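Use these hints to put chain A with the ligands onto chain Y, whose structure you have.
2 protein chains.
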Amino acid sequence: MSNNANDNIIIKKSETSKIDSVDFENLSFGNVFTDHMLICDYKQGIWEKPVIQPYEPFLIDPSAKVFHYGQAIFEGMKAYKDGNDDVWLFRPDQNYERFNKSAKRLAMPEVPEAVFMEGMKKLIELDKQWVKNEVGSSLYIRPFMIATGPGVVAAPAQFYRFMIILSPAKAYYSGEVKVIVAEHYSRAANGGIGAAKAAGNYSAQFYPTKLANEMGYQQIIWTDDATHTRLEEAGTMNVFFRINDTLYTAPTSERILDGVTRKSLIAIAERENIKVDVRPILVEELIAAAENGTLQEIFGSGTAAVVNPIVGFSYKEKYYELPKQENSLALQLKAMLNNIQYKLAEDTFGWTVKI
Amino acid sequence: MSNNANDNIIIKKSETSKIDSVDFENLSFGNVFTDHMLICDYKQGIWEKPVIQPYEPFLIDPSAKVFHYGQAIFEGMKAYKDGNDDVWLFRPDQNYERFNKSAKRLAMPEVPEAVFMEGMKKLIELDKQWVKNEVGSSLYIRPFMIATGPGVVAAPAQFYRFMIILSPAKAYYSGEVKVIVAEHYSRAANGGIGAAKAAGNYSAQFYPTKLANEMGYQQIIWTDDATHTRLEEAGTMNVFFRINDTLYTAPTSERILDGVTRKSLIAIAERENIKVDVRPILVEELIAAAENGTLQEIFGSGTAAVVNPIVGFSYKEKYYELPKQENSLALQLKAMLNNIQYKLAEDTFGWTVKI
Ligand SMILES: Cc1ncc(COP(=O)(O)O)c(C=O)c1O
Ligand SMILES: Cc1ncc(COP(=O)(O)O)c(C=O)c1O
Numbered sequence: 061m062s063n064n065a066n067d068n069i070i071i072k073k074s075e076t077s078k079i080d081s082v083d084f085e086n087l088s089f090g091n092v093f094t095d096h097m098l099i100c101d102y103k104q105g106i107w108e109k110p111v112i113q114p115y116e117p118f119l120i121d122p123s124a125k126v127f128h129y130g131q132a133i134f135e136g137m138k139a140y141k142d143g144n145d146d147v148w149l150f151r152p153d154q155n156y157e158r159f160n161k162s163a164k165r166l167a168m169p170e171v172p173e174a175v176f177m178e179g180m181k182k183l184i185e186l187d188k189q190w191v192k193n194e195v196g197s198s199l200y201i202r203p204f205m206i207a208t209g210p211g212v213v214a215a216p217a218q219f220y221r222f223m224i225i226l227s228p229a230k231a232y233y234s235g236e237v238k239v240i241v242a243e244h245y246s247r248a249a250n251g252g253i254g255a256a257k258a259a260g261n262y263s264a265q266f267y268p269t270k271l272a273n274e275m276g277y278q279q280i281i282w283t284d285d286a287t288h289t290r291l292e293e294a295g296t297m298n299v300f301f302r303i304n305d306t307l308y309t310a311p312t313s314e315r316i317l318d319g320v321t322r323k324s325l326i327a328i329a330e331r332e333n334i335k336v337d338v339r340p341i342l343v344e345e346l347i348a349a350a351e352n353g354t355l356q357e358i359f360g361s362g363t364a365a366v367v368n369p370i371v372g373f374s375y376k377e378k379y380y381e382l383p384k385q386e387n388s389l390a391l392q393l394k395a396m397l398n399n400i401q402y403k404l405a406e407d408t409f410g411w412t413v414k415i
Numbered sequence: 061m062s063n064n065a066n067d068n069i070i071i072k073k074s075e076t077s078k079i080d081s082v083d084f085e086n087l088s089f090g091n092v093f094t095d096h097m098l099i100c101d102y103k104q105g106i107w108e109k110p111v112i113q114p115y116e117p118f119l120i121d122p123s124a125k126v127f128h129y130g131q132a133i134f135e136g137m138k139a140y141k142d143g144n145d146d147v148w149l150f151r152p153d154q155n156y157e158r159f160n161k162s163a164k165r166l167a168m169p170e171v172p173e174a175v176f177m178e179g180m181k182k183l184i185e186l187d188k189q190w191v192k193n194e195v196g197s198s199l200y201i202r203p204f205m206i207a208t209g210p211g212v213v214a215a216p217a218q219f220y221r222f223m224i225i226l227s228p229a230k231a232y233y234s235g236e237v238k239v240i241v242a243e244h245y246s247r248a249a250n251g252g253i254g255a256a257k258a259a260g261n262y263s264a265q266f267y268p269t270k271l272a273n274e275m276g277y278q279q280i281i282w283t284d285d286a287t288h289t290r291l292e293e294a295g296t297m298n299v300f301f302r303i304n305d306t307l308y309t310a311p312t313s314e315r316i317l318d319g320v321t322r323k324s325l326i327a328i329a330e331r332e333n334i335k336v337d338v339r340p341i342l343v344e345e346l347i348a349a350a351e352n353g354t355l356q357e358i359f360g361s362g363t364a365a366v367v368n369p370i371v372g373f374s375y376k377e378k379y380y381e382l383p384k385q386e387n388s389l390a391l392q393l394k395a396m397l398n399n400i401q402y403k404l405a406e407d408t409f410g411w412t413v414k415i
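Chains Y and A supply the protein sequences, listed in that same order.
To get my numbering, take the position in the first sequence, counting from 1, and add 60.
To get my numbering, take the position in the second sequence, counting from 1, and add 60.
Rather than coming from a laboratory, the hints here were simulated on the basis of the structure.
What you are looking at is a predicted structure, and each value in this text was computed from that prediction instead of being measured.
The hints are all genuine.
Where chains are identical, the list cannot tell them apart; a pair therefore holds if satisfied intra-copy or between any two copies.
Pairs of lysine to any residue residues, derived as SDA-like cross-links and limited to a Cα-Cα distance of at most 20 Å, are as follows:
id : residue 1 : residue 2
1  : Lys323    : Asn160
2  : Lys161    : Trp107
3  : Lys161    : Pro172
If we strip away everything but chain Y, and leave its shape as in the complex, we get (with noise of 0.2 Å):
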């Protein structure tokens, strides 16, 4: 292993690499990592040097409260090649806005920018031939960060762990989605995490998950936990409903994620003057609209799966399919973000960010 410290990053680089031992066209989401690892530790208050490592365990105490009360926050973004083997990130500013917010949330501390910026710039160069050139290929980005700190009193740790891990990915495909709308369960409470991306939020969907992938469906739409009537976002993605040609999408809220994915489709769909109404919509209106056949289209928008059309939904036991689209505009906006983020379009929104 050599050792490079420059000032602001330890680098210890990993003498081999497992990348001739990973099938890079039958990648399952999130299975594989790379050669490093990024490390940063938070002490009483201070920040230490971020360390890059191999990827490998680590130890932790079995006290750690991340185990026991929960602090543990994340993000997903992704890293894209271009023709030129130039590598570029995706509006990583709103992520890292994003993180830190979940931070405050979960009374964890904020990362500095220069960490999770330049940490991620310098981790992702030296994993560089991780990520292909091809579209629908890239590199999952994970920054998290995790309670360390000992003890079972239920009260913030002392100690924090933020770390980046990075995933290569193919084209996210996962078959026919068909959806259920929730009528019992839900994902977050008025005043709760719903809109931070904490770890708690997900274990909180795996068992309804589990019941619906029984009943044939693979994600549930959530709804709003007190009455069940608005329609809210899916387990990791936004979701749009396109009634006639209008984009219907919930507003963003202290129960549901702001997506950089939802708001980057959004600023696309007004460029191109497609309609979006962005405000509450109710179960009873998406039946409505399926029964009268102006429900054209219901799609998830996320960092994985940048858009997932959705086939059909199931609500109080009866299943609404949705009409075969010729001319789809979930994949129309698909086609536009993807072309930005591989840069085969003017980036006319200044989101990519070259590393």
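Relative to chain Y, chain A with the ligands alone:
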């Protein structure tokens, strides 16, 4: 290190003990752990043989799902020593049952009774000298389970680790406790995981609790997240309100933890002909009772503090001080419960289990 394997549990005894370095007179809750811990791993459908070994940090993959998706649950119980140096558990069946309910809600595997119960007993036996024979002193027991399975796809893990760690505890004295009634933030959603002892529920409370602390309140009494009109529970305690001579406590629900202390106090109160009314309690009833002088006491109930009298509460920026009690029901019930736990009174309920 000596290795002893019996049929069911592998025991690796620590060669030395930390016990002489511990100041048992000045323990702060949950910061000191005993010499041993129990580990039992679950791999794709099978629970391996539990191992009792020296307490120490363990290795875990950076992509372990506990860090990213919050699959983590726990229990909190205590062991008590009687005058004959025998060690007793209090209603461990209740914690075991609740643990597996939590597991189910988080799509985690249920832990076999032999692993949980026999493992716990063997572990406590080994660290028996850490339980002090004195009312108020006890050994806090923390069984927990985390998702160790790797991968950043948002779905339940394939690998889990069940652990038990032990922490010697003194009488839990936290000074005068003033609480604030939640008006905006919430700990649990309808159809969420509030009734599970899930790690994610606690991190959600830290930031609002920090805000409360800054205003001079130690805890929050949570209200229902939809309307904030019904009193539910505190951060780690259920809550009782005494109006005239009746105790009121909210019914448990999918938002409220079914506390073992709460149900034990209800049973003792009923035995003592103290009237207990289990029904939703409105914030406005509490205010009315405080204003007309019928509100006598508020107290929290939980394993750590047993019974925690509250001296006053704040709602809509107004502070309501509770009357001083000559003959507090809180302290009477606490004494009766403690007497059962420490074997100073007959256990008419059959709650105590000898190790
Ligand atoms: C709950 C939830 N909603 C929506 C999204 C989409 O957000 P983004 O577009 O920033 O990836 C995510 C993240 O992937 C998510 O976890
Ligand atoms: C949220 C919450 N409510 C109530 C309680 C009290 O439960 P028990 O009496 O079983 O300790 C706890 C646990 O300590 C808790 O975490």
